[in-house]
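Number of protein chains: 2
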Amino acid sequence: MAKIVVDAMSGDNGSPIVVEAIKDFKKQYPNVELVVCGKQEELESIKDLAEIIDARDVVPMDAGALQVLRMKGSSMMTAIRYAKENGCDAVVSCGSTGGFLSASTITFKMIPGIKRAALCTGFPTKIKGKKLTVLDCGANNENSAEELVQFALMGRCYAQAVYGIENPQTYLLCNGSEEEKGAPEVKEAHQILKENNFPGFMGNVEGRDVFEGQVDVLVCGGFAGNVFLKTCEGVAKWMGSMVKDAFKRSLWAKLGYIHVRKGMKDMSETMDYKTIGGAMLLGINGIAVKAHGNADAYNFFHALRVANQLSEMQIVEKIKKGLEDEGH
Amino acid sequence: MAKIVVDAMSGDNGSPIVVEAIKDFKKQYPNVELVVCGKQEELESIKDLAEIIDARDVVPMDAGALQVLRMKGSSMMTAIRYAKENGCDAVVSCGSTGGFLSASTITFKMIPGIKRAALCTGFPTKIKGKKLTVLDCGANNENSAEELVQFALMGRCYAQAVYGIENPQTYLLCNGSEEEKGAPEVKEAHQILKENNFPGFMGNVEGRDVFEGQVDVLVCGGFAGNVFLKTCEGVAKWMGSMVKDAFKRSLWAKLGYIHVRKGMKDMSETMDYKTIGGAMLLGINGIAVKAHGNADAYNFFHALRVANQLSEMQIVEKIKKGLEDEGH
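Protein chains in written order, with our numbering: chain A, 48 to 375; chain B, 48 to 375.
Since the hints were derived computationally from the structure, they do not count as laboratory data. Take the hints with a grain of salt, since some may be wrong.
Chain copies aren't distinguished; within one or between two, either way the pair holds.
[As the list claims (entries may be wrong)] Mimicking PhoX-like on lysine-lysine, the simulated pairs with C-alpha atoms at most 25 angstroms apart in a straight line are:
{"hint": "1", "residue 1": "K175", "residue 2": "K295"}
{"hint": "2", "residue 1": "K295", "residue 2": "K177"}
{"hint": "3", "residue 1": "K284", "residue 2": "K228"}
{"hint": "4", "residue 1": "K301", "residue 2": "K173"}
{"hint": "5", "residue 1": "K284", "residue 2": "K175"}
{"hint": "6", "residue 1": "K177", "residue 2": "K228"}
{"hint": "7", "residue 1": "K301", "residue 2": "K86"}
Could you put the whole structure together from the sequences, leaning on the hints where they help?
Right under this line is the structure:
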């Protein structure tokens, strides 16, 4: 059974949301062992559900790797170190993205053979319940063709482990669906994946066709992936606020809203990637799941669930095995 | 007064939408001279409004540059050639993007000193009526730092000419707002723009913050720009269809729709970049405006309006002058 270490303090909403999430999580997964790092007095109510490790410093939201590594007494660094030293399965935090991911990478080290780690997340699609795996969402500023090919491999393992898709259909994000389109590293990655008959490789996909449901894994360099992710977020938020404005135009429109509220809620949940359960840094020799900085208890619960799933499915071992099969 | 050459045949909707657009356009701009290339018998009703040049071949929607150049009797190639040979101000088409833009580039040649042409378009923002200039939207697969800097210059000229913004606020599309973020060519372009005190250069902007209204010109390489544009399109379409679905859930919801229809229409018009009036290839030694392939009369009218504005504001001369000022 998995053993997951939790940083309880570093999110915008402090320990209360983590405490609530842990209570819910233990109801559904009573056998998963939890170790929670944070201020002891704030974690009193879960002391029968988890092992508590007192850690009193809180890493600020904008902290970088060095600051996190130096804050040895912080809940974040205590959690990462404890996980590493005790061979735990996963560590979960909703603190500073850069700080948490870099400190995890330095502590856990990379999987031998992997050139760059990639930030990986699930994303909604038009098909209800169907999720799309996107990587790299921004861990890197630039990536080579070989790195993109490794992202395809890691994304495939993730989609299999987290979404139970046997043979994920994998695409490269591109400025055209034709084979000859793309930045040079994308064109080269396309050729490598094609020539090696990478399982489930389907070619290039344009930004507008990503959500149709045919894409299981979307492979992109960190720069384009980040542009993709944040553009989605920006447009979705903007349209959401325009919809709200439309309903405020008259009393009739307001009455109308009451009747479509449920549909609207479904929609905003579909578009809200925070509900998906955090992003994971793939390629490091351990499982580090990053929940959104302003996660609520529901979001954090999902991050715990993803960490548990990734442990159970032995994602790190799967990636190592995949690299071996490719002869690395 | 401007003289604009029109390809009447190459769009999905054939000559009727062009004929209608020209009638509207001549009402508002009676002094602009129009030359229309296409099947004479289909252009009968505008023969008093424009000079008609009979051109009987129609370039297919997926035609590349070579095919267009070979189809000498086509409405598209006749229009491009006529514009070049007679020193006309602009040429407008809603045919094959790749074919039209490449054939225009080959015919008009590049502005001396410009390294790469960029596809430039207007884009909606949260501020009603305020448009954002985006380039390159996908004319290139990759771009160097120096090319990005030239895009900044051309985008500035475009925003001044088309939107009348005196000192456009110019940003680089990036995976973070911090100076040290970005693909190598973006980082380098940032340094060049900063060190040269490029007028209105404001730094980097992330995909989610682009629409807030502070960005007048968004500079990006063709790959990232295309991902940005098509992701916007994909998310906007998807959300639009979700909104419609929400309204279909019950009779009450349907009644609600009647009352927000106007607001919804405003919204979808805001998000529909087709209403903006086409994209232009900046950097070539002439004005080539490409309307959307399935443009209607309203869209084509706007493309004509943009072509006229760009001619009046002498966009090509402005870019040449800008290059000189920079010592090229």
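Hints, verified against the model:
no.: 1; hint: K175 / K295; in the structure: between (28 angstroms within a copy, 17 angstroms between copies)
no.: 2; hint: K295 / K177; in the structure: between (32 angstroms within a copy, 22 angstroms between copies)
no.: 3; hint: K284 / K228; in the structure: between (30 angstroms within a copy, 24 angstroms between copies)
no.: 4; hint: K301 / K173; in the structure: between (27 angstroms within a copy, 22 angstroms between copies)
no.: 5; hint: K284 / K175; in the structure: both (20 angstroms within a copy, 16 angstroms between copies)
no.: 6; hint: K177 / K228; in the structure: neither (28 angstroms within a copy, 32 angstroms between copies)
no.: 7; hint: K301 / K86; in the structure: neither (46 angstroms within a copy, 52 angstroms between copies)
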